[in-house]
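Student: Please arrange chain B on chain A, whose structure you already have, making use of the hints.
Here the protein sequences line up with chains A and B, keeping their order.
The working numbering numbers the first residue of the first sequence as 3 and each following residue consecutively.
The working numbering numbers the first residue of the second sequence as 3 and each following residue consecutively.
Think of the hints as simulated: they come from the structure by calculation, not from any bench.
Any given hint might turn out to be false.
As the list claims (entries may be wrong) - So these bits of chain B aren't anywhere near chain A, every CB distance computed over 10 Å:
#, residue
1, T10
2, A31
3, P38
To be verified - Derived pair list, reagent style DSS-like, types lysine-lysine, alpha-carbon separation capped at 25 Å:
#, chain 1, residue 1, chain 2, residue 2
4, A, K176, B, K174
5, A, K174, A, K73
6, B, K91, A, K274
Beta carbons are placed, not taken as given, at the ideal position from N, Cα and C, and that holds for glycine.
Protein chains: 2
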Amino acid sequence: MADQLPETSLQIRTLVTPEGKLELSLESAPVKVPGPDQVLVRVEGTPINPSDLGLLVGGADMSTAVQGGTKDSPTISADVPAGGLRAMKARLGQSLGVGNEGAGTVIAAGDSPAAQALLGKMVTCLGGNMYQEYRTLHVSQCMALPDGTTAEQGASCYVNPLTALSFVETMKAKGHSALVHTAAASNLGQMLNKICLKDGVPILNVVRKKEQEDILRGIGAKHIVNSSSDTFMEDLISGLVETGATMGFDAIGGGPLAGQLLIAMEAAANRKMKEYSRYGSGTETQVYIYGRLDMSPSIVPAGVGFAWNLSGYLLTPFLEKAAPEVRERMHKRVIDELNTTFASHYTKTVSLAEALDLETLHAYNAKATGEKYLIAPNA
Amino acid sequence: MADQLPETSLQIRTLVTPEGKLELSLESAPVKVPGPDQVLVRVEGTPINPSDLGLLVGGADMSTAVQGGTKDSPTISADVPAGGLRAMKARLGQSLGVGNEGAGTVIAAGDSPAAQALLGKMVTCLGGNMYQEYRTLHVSQCMALPDGTTAEQGASCYVNPLTALSFVETMKAKGHSALVHTAAASNLGQMLNKICLKDGVPILNVVRKKEQEDILRGIGAKHIVNSSSDTFMEDLISGLVETGATMGFDAIGGGPLAGQLLIAMEAAANRKMKEYSRYGSGTETQVYIYGRLDMSPSIVPAGVGFAWNLSGYLLTPFLEKAAPEVRERMHKRVIDELNTTFASHYTKTVSLAEALDLETLHAYNAKATGEKYLIAPNA
Chain A
3 MADQLPETSL QIRTLVTPEG KLELSLESAP VKVPGPDQVL VRVEGTPINP SDLGLLVGGA
63 DMSTAVQGGT KDSPTISADV PAGGLRAMKA RLGQSLGVGN EGAGTVIAAG DSPAAQALLG
123 KMVTCLGGNM YQEYRTLHVS QCMALPDGTT AEQGASCYVN PLTALSFVET MKAKGHSALV
183 HTAAASNLGQ MLNKICLKDG VPILNVVRKK EQEDILRGIG AKHIVNSSSD TFMEDLISGL
243 VETGATMGFD AIGGGPLAGQ LLIAMEAAAN RKMKEYSRYG SGTETQVYIY GRLDMSPSIV
303 PAGVGFAWNL SGYLLTPFLE KAAPEVRERM HKRVIDELNT TFASHYTKTV SLAEALDLET
363 LHAYNAKATG EKYLIAPNA
Chain B
3 MADQLPETSL QIRTLVTPEG KLELSLESAP VKVPGPDQVL VRVEGTPINP SDLGLLVGGA
63 DMSTAVQGGT KDSPTISADV PAGGLRAMKA RLGQSLGVGN EGAGTVIAAG DSPAAQALLG
123 KMVTCLGGNM YQEYRTLHVS QCMALPDGTT AEQGASCYVN PLTALSFVET MKAKGHSALV
183 HTAAASNLGQ MLNKICLKDG VPILNVVRKK EQEDILRGIG AKHIVNSSSD TFMEDLISGL
243 VETGATMGFD AIGGGPLAGQ LLIAMEAAAN RKMKEYSRYG SGTETQVYIY GRLDMSPSIV
303 PAGVGFAWNL SGYLLTPFLE KAAPEVRERM HKRVIDELNT TFASHYTKTV SLAEALDLET
363 LHAYNAKATG EKYLIAPNA
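Next comes chain A alone, as it looks inside the complex (with noise of 0.2 Å):
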């Protein structure tokens, strides 16, 4: 087997010195050669998640960003200020690998009978490091993909599905019976209406622009709320009311708006009270910050009552916490429905080399509603 194996593997690697400099190059590194229960993987599609910016850029400011090396080894600097260093103490000096998913063929497996299993199969990855032509890889961060998938349709089948069935399992497990989510509009957020319209699991929708409510209606989407209006809310709390959702997913974190969700929601829920409490409605209210488009402080206002939450959130401990019955239900689920329900489009399709063009990172690093990048390693 191991006559047949490619000896290297270019990837993508970022790096932030000591002295606040912010550094992405493309770099060779040994191939590693699968154990028993590992596999290698020839990476075909790797899609460029706002998760995957937030590793490659970081806290750069990335308007001081100057390109550098040749078109085929591109490099690319930006100085990163005083409180993005901070923020990046515990990674400084050192050169790290991107990319959380991908998809791609089993070109190499170790002996155990799982890793034998996938020998010569499209795979779907999560695993890390994906930005690079071959990955090695244990069979448990790899899910067969039906035959006759392609590596752009099976690339996203883990960060942006899993999260979303996750938000569903998490609001059952607690007890809540209906969502409100943020900059709704994005791939996430549709995959999510998705899941909810099938369910039956009432959706509150916020977004920031016309444009992206319509996205959202077209894909069946009822209650929908604009933070943009004068009238945001009272349109709000409406929302929550006629949804019944007690439980909030917020893609921005900084800034007002996990705070409005809060307070929104008591608001709703003393509109149902029949006597008054100085503390508050003691609904239980949770909403749950999963990004950080915005990276300034969130804000949480007196007037949220005594039973509020807001928590951090990330697939990977929900993963870790699951029961292997909750995660096998969502994994298949994602195979089942990934040309429909989970179906990811791309804006463009990039090599290792041109992801690293300044003009092309600047592009993608916008994160604009309905673009999304994949990288082909292999292309």
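Tutor: This is chain B only, laid out in the frame that chain A set:
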């Protein structure tokens, strides 16, 4: 029995008018004859806690307060700004009684054995509307005090003692091993330190003045940091590393402090990590806001990791959810340690009329550390 009963009970009332005026007054209301499971308590001592002030003066601007009425029947009125009015929407136009807790003598009791057992006893009560001469309560809202206990000694058995005990119970129930507490030199903070010292629970105290450090050192507190110090964040992180505290209780609520606790907990966790994770340490951190000495919004910056939680906290729902044996254990401990761990000291004892003297109200509404007022409605 009924012919010995007082017919009316003088009491403090608070009203916020829809037009935006706070009106405090003394009113005389009919005494309710106790039902089978009820007792009538002659209230002899009832403390003014910060939580009582929240109901008494609410969102009013007390710099606009003016005195009215007579010396024996004083009134106070003040303007309520738009923000305060919005927050108090649910209570507009309702005259409300004040006073969470207090102690006094049972002067009449219903027919049930539980009620009869309390007749003639000094009891401590959690009833609301305690700022009055006579209060009819269900037996479950009263605890008999040991013979010889004065109303002053027994007036504050519930709010601060049970809240302090509930912090340690919550810490254990949620799998944490140490606490951080803000406004730590308060009456409640001192009780909490005594509990933690006795139970061997490490506690990190956050104060803002040198005198408050001295108060806590005087009762044996080991870990104290001062938020006014230039090295506050560094001291806080070191204190969290030393104590291992990953749960905090914050009495301030508004401003940066709660967020600083979360940031520092994450920084302390990162100091113990071997490998970089871009999402954060993964250590579960929890800060509860149990008071709002600062009514401005709470600020949570990025950099708190992904397993952080910021929540409201109130004693009542804790007690409602607690197992009966937990409640019983807590109550027993308060009574057993009434003159040691849970001893309250009062700056001044005032009558109902004196409590509505404007100068006196300004004095207790300042919520100065170590200052606490007691109302003696029957003095």
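Student: Determine for every hint whether it applies to the structure shown.
Tutor: So, going through the hints one by one against the coordinates:
{"no.": "1", "hint": "T10", "verdict": "24 Å, holds"}
{"no.": "2", "hint": "A31", "verdict": "18 Å, holds"}
{"no.": "3", "hint": "P38", "verdict": "24 Å, holds"}
{"no.": "4", "hint": "A:K176 / B:K174", "verdict": "21 Å, holds"}
{"no.": "5", "hint": "A:K174 / A:K73", "verdict": "50 Å, violated"}
{"no.": "6", "hint": "B:K91 / A:K274", "verdict": "13 Å, holds"}
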